[in-house]
Amino acid sequence: MFEKGRIGVHQFTILTILFTIGSSILIAPSGLAYDAREDAWIAAILGLIVGLLLVTMYSFLRRQLPQNTLVGNCEELLGKWLGKAVSLLYFCFFFILAALVLRNLGDFISTQVLVDTPLQFTHIFFLAIIILGIRNGLETFTRTSEIFLPWVLTFFFLMFILLPTQMKAGNILPILGQGIKPVVRASVPLIGTPYLELVLFFTILPYVSQTKKLGKSFLTGVAIGGSLIVIVSLLSILVLGDDLTSVQMYPSFSLARRISIGNFLERLEVIMAGIWFITIYFKLTLCLYASATTLGEVFRMSEIRQLYLPLGMSLVVLSVVAYPDAAYFIQFASRIWVFYSATFGFVIPLILLLLAAIRRKKQTRSS
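The numbering of the sequence shown is our numbering, which starts it at 13 and goes up by one.
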């Protein structure tokens, strides 16, 4: 155990909300509208349902596995060396996810906010803040999330009540006019990001108190975060229409630009950007924390703080070379990432669950 502190189920719920929102709140509506058109919000609901089913499986898996940590379970059920190999693959998954999230942030800032600022400078500056926060431990940055969550929810509430004057109900009609296939196809990338990535929380679970309420807390957090993605997708279609939403890289940012009350309440996209920085900060922090924790446990390290700086430096390089441009990322996220994340978020956990059931059955027979 690298952490001396503990977090409560309420704090765990907050982390789950912020992680689920993450970068998806800004980029998900575009991908959903590209395939499902005016039914993008239905695709978001379908993705949320699958996400809740995945969380239910994770909660059941946590109760069945013999060890308390992800690496411990892999080594216990797969053997020492194969377990270490699978654990290192999980480290790669968490680390690549961190690089992609960081690049999403850099692309947004370099195209929407600070156009002339080099990408590397944005990455280094943001990572420096993350490393400073994470060095104080899980409990510290989790308590910080309690401060920021009300601001995130407040702005989404304001956007929901200030945009109705620009909504056009006809934009969501006809419902399921193209059938169910485009809706299912659109929901697949959303399942990959963020729902299959929730397997990362297996690295956090050992430090959560009141484990009896953990399953309900996990479901609540994902339900709230996923519902916000559904709401933003619906607002994007109602206000922007499916054509404009599908070609916009950041539809929710464009939504905030549409808010105008009189001549004094305008340019709220800056607040939207600030809210997105908060959610992506916590998602990236959790990714870096999970990477360091997994790597440290594989190599039986007594302290992981010394890993943050070298991992952060490597992350800057990987985030820059991860993909050449935004168009490549869209193709990668929609066609490849979901299968990659499904390997770690569904296939391996399911194998571990089956092995745990077989072992328990053998133990029952022998006794």
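If you are wondering where the hints come from, they were derived from the structure by calculation, not from laboratory data. Worth double-checking, as some hints may not be accurate.
Derived pair list, reagent style DSS-like, types lysine-lysine, alpha-carbon separation capped at 30 Å [what the hints assert, rightly or not]:
#1 K96 <-> K224
#2 K16 <-> K180
#3 K193 <-> K180
#4 K193 <-> K16
#5 K16 <-> K92
#6 K373 <-> K96
#7 K96 <-> K193
#8 K374 <-> K96
#9 K92 <-> K373
#10 K193 <-> K92
#11 K373 <-> K193
#12 K96 <-> K16
#13 K373 <-> K228
#14 K92 <-> K374
#15 K16 <-> K228
Evaluated hints:
no., hint, verdict
1, K96 <-> K224, "holds (29 Å)"
2, K16 <-> K180, "violated (53 Å)"
3, K193 <-> K180, "holds (25 Å)"
4, K193 <-> K16, "violated (49 Å)"
5, K16 <-> K92, "holds (26 Å)"
6, K373 <-> K96, "holds (25 Å)"
7, K96 <-> K193, "violated (40 Å)"
8, K374 <-> K96, "holds (24 Å)"
9, K92 <-> K373, "holds (22 Å)"
10, K193 <-> K92, "violated (44 Å)"
11, K373 <-> K193, "violated (41 Å)"
12, K96 <-> K16, "holds (24 Å)"
13, K373 <-> K228, "holds (27 Å)"
14, K92 <-> K374, "holds (20 Å)"
15, K16 <-> K228, "holds (24 Å)"
The structure is inconsistent with the numbered hints 2, 4, 7, 10 and 11, although it conforms to all the rest.
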